[in-house]
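Asks: Please model the complete structure; the sequences and the hints are all you need to start from.
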Amino acid sequence: MKEKDVTVQSATSGWRLLWTKDFGMLWAGQAISQIGDGLSKVALLWFVYELTGSALKMTMIGLLQTIPPLVFGPLIGVYLDRLPKKMVMIVVDLVRTLTVVLIPLCYAFDVLTLERLYVLVFLNSIVSTIFGPALSSAVPLIVDRSQLTSANALIQSTTNVGVLLGPALGGLGIAVVGVQNVLYFNAVAYFISALCIIPIAVRDSHVVKRLEVLSTPIIKDLAVGFRFVFIQHRIVFALMITAVLYNLAISAFVFMLPVVAKEVLQVGPLELGWIWSALGIGMLAASLWLAWVPQGDFRNRIGRIAKFLAVGGLAVCSLGLIETPVLASTMLLIGVIGGTTSVYYPVVSATLQEVTPEHLLGRVFTTFSTGGMASSMVGMAGFGWASDEISPAASLVGIGLALLLTAMVTIHVSRRDYAPATT
85 MKEKDVTVQS
95 ATSGWRLLWT
105 KDFGMLWAGQ
115 AISQIGDGLS
125 KVALLWFVYE
135 LTGSALKMTM
145 IGLLQTIPPL
155 VFGPLIGVYL
165 DRLPKKMVMI
175 VVDLVRTLTV
185 VLIPLCYAFD
195 VLTLERLYVL
205 VFLNSIVSTI
215 FGPALSSAVP
225 LIVDRSQLTS
235 ANALIQSTTN
245 VGVLLGPALG
255 GLGIAVVGVQ
265 NVLYFNAVAY
275 FISALCIIPI
285 AVRDSHVVKR
295 LEVLSTPIIK
305 DLAVGFRFVF
315 IQHRIVFALM
325 ITAVLYNLAI
335 SAFVFMLPVV
345 AKEVLQVGPL
355 ELGWIWSALG
365 IGMLAASLWL
375 AWVPQGDFRN
385 RIGRIAKFLA
395 VGGLAVCSLG
405 LIETPVLAST
415 MLLIGVIGGT
425 TSVYYPVVSA
435 TLQEVTPEHL
445 LGRVFTTFST
455 GGMASSMVGM
465 AGFGWASDEI
475 SPAASLVGIG
485 LALLLTAMVT
495 IHVSRRDYAP
505 ATT
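When we follow the working numbering, the leftmost residue of the sequence shown carries the number 85, and every step to the right adds one.
Hints are not guaranteed to be accurate.
With a Cα cut of at most 16 Å, we get these calculated EDC-like pairs of lysine to aspartate or glutamate [said to hold, decoys possible]:
1) K346 - D472
2) K105 - D194
3) K170 - E442
4) K346 - E407
5) K170 - D106
Restraint-style ranges between C-beta atoms, simulated for each label pair [to be verified]:
6) F321 - V377: 19 to 29 Å
7) M492 - I406: 23 to 33 Å
8) T408 - W373: 49 to 59 Å
9) R100 - D381: 14 to 24 Å
10) V351 - I282: 41 to 51 Å
11) L154 - V261: 26 to 36 Å
These are calculated hints, taken from the structure and not from any lab test.
Keep in mind the model is a prediction, meaning the values are calculated, not measured.
Every residue, glycine too, gets a C-beta built ideally from N, C-alpha and C.
Replies: Dropping the structure here:
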């Protein structure tokens, strides 16, 4: 009976994080912020298209949001490791509040030009690039090591909530209050996120070291981070390889959803919305499940995501091989794909937080972010070309095979030994 009680307590401990002051406030702020992000993505694209009537100028928004992680990621990691994570997150949210609210304000006073809009979007993208690694670096300073996987899964669930609710609320907001006014809600969401972070207690044991590091040359700090990821720690380098393969496949799959709707299923935008919802529901369900189950040891965790990625890869291949797909069965498959592939990042993030010394967390997570973004761009371009030149089915099978390859590499990683960070 006692053994059963221990198992139940271990399984439910992740959910209990939501009722703790520090993590509960962090989660609430992120949920509100992610919904605001979902509002903004719809509103901003629609706003630019309405303002210019040009699809090309609209796609510049996506480009401006992609450049900062690629160009500034490693440099941001160096400064992130020199600064208190809590302060960084608060400042970033306040700056994002300002950059977003300036867009509708400038429009209201008739001083908003396309160039100024691009500048504001670019500034917002730069500071947003900082927030993700800062959040990942702060999580192990807020929760116990045994709760890292659950904490990361719950943080990921806020993204899933944003994907499910944000676009729908954005479309409703555009219809009711006007496209530019929807951006005010996004600004308020960022501000509330900053307020939620203020009372959080973040353990910071490297104040003295940080003061010493401030005099260290930037290039030397960059080299230290790269050396840790690519040379010193084999587990981190192995996980970097899996992250590159994973992003290569999963970003291309998300990019292919409109193609699946139009070319494979031959349905319209309404059904595409249902497909997106199926993906989001699968992702949210997996995140909530991952927060509930016991964390387990390294081999069990990494082995688990390998099995899930294998199922996801087979599901994507099946989606490409079905000759006469039906909307209902396709939505079910996409829900399975969303669920099986979304266990990857919480587990990998928890492992990185365990093996990385606190003073290197920023550099490690920005390096992973930069590598993931570059891989995503290659995947979207490569599989997009395959879809146009060969067929959507061939592209889907290729994506599925890439996920299966990721699963195979991940299985190999799970057989390695690793040492948790002691500093």
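Asks: Run the structure past the numbered hints and jot down the numbers of the failing ones, going up.
Replies: As far as the earlier hints go, 2 and 8 are violated by this structure, in ascending order.
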